[in-house]
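In case you want the letters, here they are:
There are 2 protein chains.
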Amino acid sequence: MVLQQLIFVTFILPASVHRSVSDVRCLDSCRVGFISSLSFQEQMDKAASGAPHPYWPRDLSVPHYVDNDRSMPEILLFLFSVSGALFLLMWLFTRNELPVFAGGRRLSGARRLALCWFTVCGFIHMVVEGWFTLHYRAIPSDQSLLSQLWKEYSKGDSRYVIADNFTVCMETVTALFWGPLSIWTVVAFLGCRSCRFVLQLIVSLGQLYGTVLYFYTEHRDGYIHSQPGHPIYFWFYFVFLNFLWVVIPLFLILDAWRQLSTAQELCDSRVMGKNRPKRQ
Amino acid sequence: MVLQQLIFVTFILPASVHRSVSDVRCLDSCRVGFISSLSFQEQMDKAASGAPHPYWPRDLSVPHYVDNDRSMPEILLFLFSVSGALFLLMWLFTRNELPVFAGGRRLSGARRLALCWFTVCGFIHMVVEGWFTLHYRAIPSDQSLLSQLWKEYSKGDSRYVIADNFTVCMETVTALFWGPLSIWTVVAFLGCRSCRFVLQLIVSLGQLYGTVLYFYTEHRDGYIHSQPGHPIYFWFYFVFLNFLWVVIPLFLILDAWRQLSTAQELCDSRVMGKNRPKRQ
Numbered sequence: 000m001v002l003q004q005l006i007f008v009t010f011i012l013p014a015s016v017h018r019s020v021s022d023v024r025c026l027d028s029c030r031v032g033f034i035s036s037l038s039f040q041e042q043m044d045k046a047a048s049g050a051p052h053p054y055w056p057r058d059l060s061v062p063h064y065v066d067n068d069r070s071m072p073e074i075l076l077f078l079f080s081v082s083g084a085l086f087l088l089m090w091l092f093t094r095n096e097l098p099v100f101a102g103g104r105r106l107s108g109a110r111r112l113a114l115c116w117f118t119v120c121g122f123i124h125m126v127v128e129g130w131f132t133l134h135y136r137a138i139p140s141d142q143s144l145l146s147q148l149w150k151e152y153s154k155g156d157s158r159y160v161i162a163d164n165f166t167v168c169m170e171t172v173t174a175l176f177w178g179p180l181s182i183w184t185v186v187a188f189l190g191c192r193s194c195r196f197v198l199q200l201i202v203s204l205g206q207l208y209g210t211v212l213y214f215y216t217e218h219r220d221g222y223i224h225s226q227p228g229h230p231i232y233f234w235f236y237f238v239f240l241n242f243l244w245v246v247i248p249l250f251l252i253l254d255a256w257r258q259l260s261t262a263q264e265l266c267d268s269r270v271m272g273k274n275r276p277k278r279q
Numbered sequence: 000m001v002l003q004q005l006i007f008v009t010f011i012l013p014a015s016v017h018r019s020v021s022d023v024r025c026l027d028s029c030r031v032g033f034i035s036s037l038s039f040q041e042q043m044d045k046a047a048s049g050a051p052h053p054y055w056p057r058d059l060s061v062p063h064y065v066d067n068d069r070s071m072p073e074i075l076l077f078l079f080s081v082s083g084a085l086f087l088l089m090w091l092f093t094r095n096e097l098p099v100f101a102g103g104r105r106l107s108g109a110r111r112l113a114l115c116w117f118t119v120c121g122f123i124h125m126v127v128e129g130w131f132t133l134h135y136r137a138i139p140s141d142q143s144l145l146s147q148l149w150k151e152y153s154k155g156d157s158r159y160v161i162a163d164n165f166t167v168c169m170e171t172v173t174a175l176f177w178g179p180l181s182i183w184t185v186v187a188f189l190g191c192r193s194c195r196f197v198l199q200l201i202v203s204l205g206q207l208y209g210t211v212l213y214f215y216t217e218h219r220d221g222y223i224h225s226q227p228g229h230p231i232y233f234w235f236y237f238v239f240l241n242f243l244w245v246v247i248p249l250f251l252i253l254d255a256w257r258q259l260s261t262a263q264e265l266c267d268s269r270v271m272g273k274n275r276p277k278r279q
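Line order of the protein sequences matches chains A and B. With numbering that gives the first Met the number 0, the residue at position 95 of the first sequence is 94, and numbering never jumps. With numbering that gives the first Met the number 0, the residue at position 125 of the second sequence is 124, and numbering never jumps.
Hints in this document: simulated from the structure, not taken from any laboratory. Note that the Cβ used here is the ideal one computed from N, Cα and C, for glycine as well. Hints may be right or wrong, so weigh each one.
To be verified - Stretch by stretch, here's where chain A covers chain B in the computed footprint (C-beta under 8 Å, at least three residues):
#, region
1, 155 to 167
2, 198 to 208
3, 262 to 269
Next comes chain A alone, as it looks inside the complex (with noise of 0.2 Å):
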């Protein structure tokens, strides 16, 4: 709740004012409240364009079109609660000691951090990017929770809702192999098995290239796809959400290398003592 509350007040609100500022025609909708203000600044939008879709380009065609029934907190509000509750209960798990680790020994809090970052990447990329990966045809006229959340995520980037060929690629490849390998490398960790670090290492370099890959494609393409300067859609789902497979992959590629590169060195430094000659 705590990260939907800052969520709100960090973006869904200044979006909310600054809406209701540039666009007189808002007024009476906002004494009515944000949501409602959002779906009449859309239909707003619509009318005014002629599309019957809120994506970008506004002359995007997405045959089948149907608008969410739910409202975009509503939405949000289960991505984030089960991505929350993923996060909180794989910290609690490894709260205690675990006596199948090395030692005995506590995990750190960073590493802790990792495992539930590891846990949520599972579930986002096999339970939503999998969804995506069976469904993107039906997508844009299909009411299910996991659509409609698509349907949603689709304004900040209309690849999603056209079912763009690289995008529907690089999601299939993330819902196959990065997912179910985040998973493993969860369990690769609690287990302290040997290969936990060359999983780490491949997650995150998997996700790291699929999301540059994404943004650069996006960036040739002059962001047509969603509407520059946009707070929410474009600034919170097109780049904050994604950004976040860039910053915090990066930074676990760099731990798994020296991770690895220390091990190798012990490696070494054993072969190098079989090897040397007796009389040294």
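Got chain A; can you put chain B on it based on the hints?
Coordinates of chain B only, in the frame set by chain A:
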């Protein structure tokens, strides 16, 4: 030369025969040799389709396209002789004992092959793909050797000659990151640096992911940018050459996984030993 002869006998010669049999219009041209036959075939194809270029789909728009003035064997000779020379040089360079390597041991044959591979990757990623990254807009009209190489390759995948968005992004990342990192991998192995297998894993995973997306995007496009079934352009250029960057990186990822996991296991066992209570 052996490699070039092998390629000629395996791919180019049967293709020449295939063309001659399937198109009676080629008979006159075939008498004056393989190169003329290809050129004549292409001219006939172009004349028949009305398109001023040899690319697929035949109605593709390639503004400012200028025909290559170098023949296919000349271009392939350049690519494979430089790659072959670099491969051979690295093979010879790693033949003797490397004094800096752990305990003065010899590198295994498989490890030497891996270093030859990364050397060739460094050349292809930085020089060949680097050229594409810098000059993709000018390539259709440019007659420099590397531009002609890309115009030749584009017969197997015309996305290169139209500067397809995903292709440009993927190639830019490849040239900027996987190229220099390939060279760093070679240097790290020669100097027995502790990061050598981490680098091998990063480069190989980057190459694998890029190639998977490269194939997958074209598969979803229905292979419209090539001439499916063509023995050289489709099977050799598009499938075979790129498939090398699936099979070899996959093998090198598994190798790095095994090496790094073994090192981590050793590291963990040492930590376990230190943390074990004295009474045990």
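Results for each hint:
Here the region 155 to 167 of chain B counts 3 residues with a CB under 8 Å from a CB of chain A, which clears the bar of 3, and the coverage holds. Taking a C-beta to C-beta cut-off of 8 Å, the region 198 to 208 of chain B contributes 5 residues in contact with chain A, enough for the three needed, and the coverage statement holds. Three residues within the 8 Å Cβ limit are the bar, and the region 262 to 269 of chain B against chain A gives 7, so the coverage statement holds.
Hint compliance for this structure: every hint is met.
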